[in-house]
Every structure is written in structure tokens, then in C-alpha cells.
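Trainee: For reference, the chains in residue letters:
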Amino acid sequence: MKKWLAVVLLVPLIATVAQAQTGTKKRRALPYEYGGVLIKNFSPGAGLAPVQFDHWLHRAMYTCRLCHVDIGFGMKANATGIKAADNMKGYYCGACHNGKMAHGDRKIFAACATKSDGQDTKRCSRCHSKGESVKQEYDFAAFTGKFPKERFGNGVDWEKAEELGLIKPVDSIEGISIKRPALAVQKDFAIGTKVETMPEIIFSHKKHTLWNGCELCHPEIFAGIKKGSTKYSMVEIFEGKYCGACHLTVAFPTTDCQRCHSKPVR
Amino acid sequence: MRRIAGAAVTLLLLCPAGAWGNFSLPPEPPPELYGNLLIRRTWGTSRVRPATFSHWSHRRKYTCRVCHSELGFAFRTNATEITEAENREGKYCGACHNGRTAFGHEEAHCAKCHNGNLGYGKEKFSELKGLPATKSGNRVDWGKALEEKRITPAASLSVEPPSDIAYDKTLTLKAEWAFVPPAIFPHKKHTDWLECGNCHPEIFNIRKKGTKQFEMARILKGEFCGVCHLTVAFPISECKRCHPTMKRSQ
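Top line first, the protein sequences correspond to chains P and S. Numbered per our numbering, the first sequence finishes at 269, counting up by one with no gaps. Numbered per our numbering, the second sequence finishes at 257, counting up by one with no gaps.
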């Protein structure tokens, strides 16, 4: 194959890929699928089905901070590289899924095991469930049925659900979390927009720190702690950066524009 | 080898020209069939006839956002996994077709949708008479009908949007050819019916530099404006509605 030919054929191809904007609509995740994560770093190699993790079930019981700060889960699917051995030592999933810890009056089943008897195989598939016919212990519709409704995402207004006391997410685990007095947070403030006549964003630290503390966002997602020092655009948010780290896949999605762009234009 | 390579290069050079050459507008159905579709996701595997759906009968009472945002209907026929079980649970069609808001899923009503007839219910089309008229599509100026409150479609079913977005900028989009006047895009006319998220960022990615990709050839393939303006919203044969200073229109 001549080199020049490869170049001639490749250049337009790269150019096409680079400017590809499909201009069509993707399928929207159903309420029970929203926030679902497929974890498959090591499962296929171990002959197991990928892990189907549901945020809706966990966030009703634990704060975001607990898993993403104290336990140390990354914020991108498959970025953590969770190993069975680590789970068994009490890291990652194993921090709670150790067969000892309880949530309310229910004992949390242990994650991962070295040996497998019949019982264990059944236990594996409680998490390694993708493509397996496993009956989930919690049914989405039954579990979220009484929660206040929201337009998008899981169709649940999680914020209101907590306000009403319908969910009481646990924020610390004995032996893992270190309790420190909470920092005083700034008042709600407006974030300007680049586009004229676009309503400004009202950002509430109070609403965010309730589940996230400070450490979930600062300094990694938002490096600057001084107002205005981190510059970002809606395009970057749509790419999964900044607010998009949570608000595309787990927290209420960016399709709910007015929930952030809420300051009336003067 | 050299000959094949030469041919490949020639073909690549010809490609963009080829795309512009193909500029035929899709055939337009009669007014009472415009925006009608048959949902036949399981046709062939099930004996149930395809379900007929008419946009004109629904958009009189509900804005686009109710079905395409709140209820989660996709923008492409047969792309939504509607099942009878889900309808009966109050999802998709069942959000209204529950025997209270509209006819329900009782046996007597099956054939009202599952009849495989694209023109089903066309006798009711005459009810649209008296609405502001246009020359194509349903022959109804739906935007004007809404503005003049001749129709008052609902904006939501259960969960109210926090507020209408106050963004109403009208964009001017330069045309791809020098002799074609620019297209205008009024946000307000779209947000009257739609959520921002219906179009952004999937259909229009909000990058300013991205606007030059909205070529007619791609719109005609059902991308960008063509997601709606080929089959449901006013058809693109009404050139002047987007390119208002165009001298000649069909």
C-alpha cells in the first residue's frame, strides 16, 4: 500500500469524524435506567456478568459523598477498577457489603468471595446481574412510587424527598468516615451566562453540600474556589465536565434547563 | 493499483458535489395524512395490527413537550419501546389513554389505534377548518393558531415545568450558498411548544462554529431541522418561512 494513498484516504476520514455532529435524537434513558452504571473492568475476565449498579437505590440510602469521597469511588464508570480482592478487604463495595453492616434493620449482603459454593453463585449474581435473569430485591416503581415527582432523570425529586423525610441518606460510616465540623457555606449566588438574554444560573452551595460536602467538587472538578476563577461553558458541561460530572447521568439532567437557569432576566 | 488509487481520489473529490446535487424535496402527503404515522415495532412477530397515530389530532390539545419530553416518546417512528403493559401502567400512550382523559385499553377500543390505517379518523380533520391557514403540511399555521389562542394545548400533564424559559433570541443563520439569503431561527416560536432539551444538545450542540453543518442536504436526511420539519412541523418546502427574504418560494 502506498503511503500517499493512505494519507489521501485518511485525511477526509479524520475530517469527517472530527466534525461529526449527528443532528438527530438519541433514546432517552427510562426513569429506572437513569443513573445506572455498568461496571466491567474485571468481570468478563473472571467469567462473570458485568455489575449493574443502580444509583437510585443507593442514593436513597447514602449520600453521594460517602461513596465518592470517604470510600473513594471515581466519578466515571469503570474509572475505579474495583477488584474482588479489594472488596473482600473492606474497600469500595466491601466497605458496606461485608455481611456485617446493617442498614436500618437489614443486614447488607457481603460482596465477593474467594470460594464458590452454590449459595455464593447466587450471591454473585445480585451484583453481577447484567444479562442474567435475576429478580431484583427492590423494584423501582414500588420503591420510588411515593416519592415526589420530577420531570426528568429518575422522575424523582430527590431533594424534596429528603426535605419531606422520605429518604434519610446516611452520611458517615464508623471506621471509614472522619467526622469534622461542617464548614460554613456561602450563600446562594448567581452565575452569569455568556449568551445574552439567557437567564442566569442560581447556584446553591447549601443544596450541594447536603449530599456532597466540599470535597466531592473541590478542587478536582472546580479547581478555583474563588468565585469566577473556573471558566466553563455549556458545551463542556454537555461533554461531562464541571456540572456535567453529575448532572448528565445521575443528578437531575441538564435537559431540565430552568432548574438552573432560573434567575429572571432584567 | 495506481488506477484504483486514482479512482478513489476522484470519487472523494466528487462526493461533496454529489451531496449538493441531490436536492429533491420529499413527496408531501395530503393534508389529513401529514404527520400521521404507523407504529409497527412488533409487526411481523405479533398479529396485532400497527397502531395509527396522527400528530394533528394530538397537537391541538398537547404541546410537543408533553409527549416528547414528559412521556419520553422518541423523535423517530418505532424508536420508542412502547408496550401494552407499560401503557396499562400509565406510561407512554397510557398516560392519557387510561379511560379517564381519553379512551382506555379496554377491548372495545383496540381497533381505534391498532387498525393499520394511516388515514384513520380523517373525518375529524374538518374540525381544523377555521384555524389560520398555510399552503403545505396540514395546511394549518399551528404557530399562529397557538399565538392567537385558537388552540390551547397543555404544556404538561403531571409535573409542571418550573417556569417558561425566558430565552427568546432570534438567530440569523448564514446560508451555505452565497445566493441564498440567511435563515432565521426564532427560539420563542419553538419554546412555545418544546423544551430546550428537546433539541439541545443532541440535535443542535450549541457550538457556534457548529452551525455551518446544518446544510440542506443533511436536513433533508432527517437531521437538524429535518428531525421535525420534514414530517410533522411545517415542511421545508415553505422556504420563505425560514429564509424570509428569499425571492421565490415554491
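Everything labelled a hint here was simulated from the structure, so no lab data went into it. Incorrect hints may appear among the rest.
Unchecked claim - In the BS3-like style, the derived pairs of lysine-lysine whose C-alpha atoms are separated by at most 30 Å in a straight line are: (1) LYS215(S) with LYS28(P); (2) LYS151(S) with LYS28(P); (3) LYS133(P) with LYS176(S); (4) LYS68(S) with LYS152(P); (5) LYS29(P) with LYS68(S); (6) LYS234(P) with LYS98(S); (7) LYS92(P) with LYS163(P); (8) LYS29(P) with LYS131(S); (9) LYS79(P) with LYS182(P); (10) LYS266(P) with LYS234(P); (11) LYS181(S) with LYS28(P).
Trainee: Would you mind marking each hint as holding or not holding in the structure?
Mentor: Do the hints match the structure? See the list:
1. Distance check on the hinted pair: LYS215(S) and LYS28(P) sit about 19 Å apart at the alpha-carbon level, within 30 Å; holds.
2. Restraint check: the Cα-Cα separation between LYS151(S) and LYS28(P) comes to about 26 Å, which is no more than 30 Å; the hinted pair holds.
3. For the hint pairing LYS133(P) with LYS176(S), the CA-to-CA distance comes to about 45 Å; that exceeds 30 Å, so the pair is violated.
4. Restraint check for LYS68(S) and LYS152(P): satisfied, since their Cα atoms lie roughly 23 Å apart, inside the 30 Å limit.
5. At roughly 26 Å between alpha-carbon atoms, LYS29(P) and LYS68(S) fall within 30 Å of each other, so this suggested pair holds.
6. With a C-alpha separation of about 40 Å, the suggested pairing of LYS234(P) with LYS98(S) is violated against the 30 Å cut-off.
7. At roughly 36 Å between alpha-carbon atoms, LYS92(P) and LYS163(P) are farther apart than 30 Å, so this suggested pair is violated.
8. In summary, the hint linking LYS29(P) to LYS131(S) is not supported, as the alpha carbons are separated by about 33 Å, beyond the 30 Å threshold.
9. At roughly 26 Å between alpha-carbon atoms, LYS79(P) and LYS182(P) fall within 30 Å of each other, so this suggested pair holds.
10. Straight-line distance between C-alpha atoms of LYS266(P) and LYS234(P) comes to about 19 Å, which keeps the hinted pair within the 30 Å bound.
11. This hinted pair checks out: LYS181(S) and LYS28(P) have alpha carbons roughly 24 Å apart, not beyond 30 Å.
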